[in-house]
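Colleague: Chain by chain, the residues run as shown.
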Amino acid sequence: MRLAVVVQRYGADLNGGAELHARYVAEHLARHAEIEVLTTCATDYITWRNELPDGLDRVHGIPVRRFPVSRERDADDFARRSTQVFDEPHSIAAELAWLRSEGPTSPRLISYLRQHGDEYDYCIFFSYRYYHAYHGIRATGQRAVLVPTAERDPALGLRIFGSSFRGVRAVMYNSFEERALINAVSNNGNVPGVVVGIGSEVPLNPEPQRFRQTTGIDGPVLIYVGRIDENKGCGELFHYFQRYARLSPQLTLVLIGNPVMSIPAHPQIQHLGYVSDQEKFDAMAAADLLVMPSYYESLSMVTLEAWALGRPVMVNGRCDVLCGQCIRSNAGLYYENYEEFAETLQIIMANANLRSALGSNGRTYFDMHYTWPVIEQKYLDMFERLTLEDKARQTEPLPNWIHRHRTTLPPGRQEVDRLPGGPTTLVSYDGGTEPRADNS
Amino acid sequence: MAEFNIQSDSVDVAKIMEQIRQRIREKRGEDYTEQQIRELATVKLEKSLDPQQVRSDLVEHYRQLEPPGKLEPIQHEVPLPAPEAVAFDRDTIYVSSRGSMGKLIRLIRKILNPILMLFFNPDRMVSALMRQAEINAANLQILQRQTDLVKQINTQFERAGRKFAAREELDALNYEVLNNLVVEMTRLAVDMKNHRVLVESVAGRLDFGERRTRALESVLQSRSPASVEGDAAAASPARPKRRRRRPRRRPEAAIRGTGVDPVPSSETSDQKETTKSQPATESSVPSADKQVAEPEPSKTGIVESPASSVTQPSVQHRVPSTSLKESPDEIAPPVTPTMNTAVENEPHIQTTTPDSVSPVETVVPPFPKTDTDSDKQ
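Chains as they are written, first to last, in this note's numbering: chain A, 1 to 440; chain B, 1001 to 1377.
Bound-form chain A, shown alone (with noise of 0.2 Å):
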């Protein structure tokens, strides 16, 4: 079997969420198949400049093909059409529009999905938001895989998407919230789809106390490992816990991650920087409970391998997916407010037992769920499924000129809007009904 990759970034050193989903996921199936990774020439995110040679590489044994982004982004564009598609009605036209002008726009990488995607038995897709997965899709829909990594922002609700969803053989789905979410914004209840997440390497044996010798950190500890951005609700964690720190002088909060916001001075807060992945392990071993302040997530790695190490966590109530993470692995408990912050820290941090029980219940779930001959397994059983159905998917057609044009969509935000949400509980692989909780 042979498989295609396509991702908008690819490298060794890249942290973005999608972009290590998808370089993991290419090095676990490239033991059952052949893996050729297709992606673009840049590595910032921001401004898609081609910053590597374009051709073919080798990352970690995968080979990478990589092509030229033919334009920059160009930051002041893409505001004004993002806010014309978001807050305004508008057209399919400005829907592709705001669409090149996200980026990353690499015609030659369509080109040759056009020309080449008939070498692959599947193209697995990353991230449906970015040019390269729509155009992308469209070349190659009989082979398109999508990974959506899609989370409840605005973007969600832009119609041309709704033909990727639709258009796909299969879609893997990182949480149920997302599958729902996206089954209500597409109705493509029809095109087969699992949930599958990503799977973690966490060392066997962390070593807790290289961590505490090494910072001089002796009481309690809270961690928190990510990007510390305002968008990852850092801004309020770390208002949360200064008025929470007078009340638990001992309690100390550990950042891993690069800062993209001031980090308040503050002597219970201590900020690591980034540090290798030992490190990582050693000081999440080491903490009594991992913070995840964020508001949207669409499968929180960081989660996972907090539980995957035995530790609980306290998650952001109003991120639907982390709390129906929470609540269906039965490891972690949820704050909405200031008062439950700091009631939910509270009871962990005065209740061993507590913490206990919710970090075993965590590495169960992990290792249930979440390890990756599981994710794998579940990669190849639906390749299976797909090869045995053979149902060639029709992508749905672009409307004509005059009907791309007529300002009749209504604005992204307001489709997302309208969606449900809340966590979703009673689930399972099979596909069944998912009732939604009730998060009041």
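Treat the hints as calculated values from the structure; they're not laboratory data. Honestly, I wouldn't trust all of these hints.
[To be verified] Facing chain A, from chain B, some residues (calculated, C-beta under 8 Å):
1) Asp1012
2) Ile1016
3) Arg1023
[Claimed, not checked] Short, incomplete list of chain B residues facing chain A, as computed with Cβ under 7 Å:
4) Val1013
5) Ala1014
6) Ile1024
A quick note: this is a predicted structure, and the numbers were derived from the prediction, not measured. Just so you know, even glycine gets a beta-carbon here, dropped at the ideal spot from N, CA and C.
Assemble chain B onto chain A, guided by the hints.
Modeller: Using the frame of chain A, we list chain B on its own:
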């Protein structure tokens, strides 16, 4: 496929979260939310302001006034330098710029001019072009004048913009001054109420002093002839002895039990309410009550004067309440230790103090904390 049915015997996240939310609700109890506190603060502010005939919504009204947008100077592009005016005459169409060769070309054109006139009349075209050149020159002058005018207007506009910005700063200061005025007025309103209470207490004390003085005077006046008569009575046994009148004892509990309001009628209704709601305040001055309730006239042997049985106005202490539901009208200053000491040092004449007379205590109210204070914080 496997179900997500991981259930620990002891952990159920949904139940734990419900318990946590229940605990939060219990902890919150009767507390007010921030929104409710803000509403209450607004109500109290209005109550404080209304008696002073100040518009209670003045600050809000001022705040709602939309500040005018900033006056931006007109951004006009600097006009390109005007094209040079071209002189145009009848020979211009024959001119060549090729130096000496140009003279030859010009000569040839002149020679061929008659042939050209066979096809059309170049004179008319030259006349029209000359006229157009004149019009262009005039337009250029007009354009130049307009450019100058725009520059002047822009200068004036910038000047007005600076004035406008200064005015906006002044408006902000005015708002601050107005806000401070309203805050101070609220504070003064509460302060004045407390001073009114203080004046009433001083007046009551003065009244008591005067009556006590009169009582003492009458006692002294009646004592001198009585002692003389007492000596005479001892000498004549036929005259019956005057029976000594025993002073009534009215314990504090008895006063309360009868439902008699110990507060004199001169007190305001606010004071009565405060007295009723603050029973602990009365017990805070037990020494005075005890002295009043249990006089010991036998030690002195002085006969009670009718004047001394006049009920004296007593000023009740007003204790500040921390309840958010109370209005500033109900806020009263606590008893300051200094003044209590002064009251205790008051020279009571216990021998003549009837049970219905209570010592007057005056307190200087501390500066009340108003809503506007908390708002400022």
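Colleague: If a hint holds in the structure, say so; if it doesn't, say that too.
Modeller: Against the structure, the hints:
1. Asp1012: B/Asp1012 check passes; min Cβ-Cβ to chain A is 6 Å, inside 8 Å.
2. Ile1016: Hint holds; B/Ile1016 Cβ to chain A Cβ min 6 Å, cut 8 Å.
3. Arg1023: holds, 6 Å
4. Val1013: At about 5 Å, which falls below the 7 Å cut-off, the nearest Cβ of chain A leaves the hint on B/Val1013 intact, so it holds.
5. Ala1014: This interface hint holds because 6 Å falls under the 7 Å limit.
6. Ile1024: OK, holds: B/Ile1024 within 7 Å of chain A, min 5 Å.
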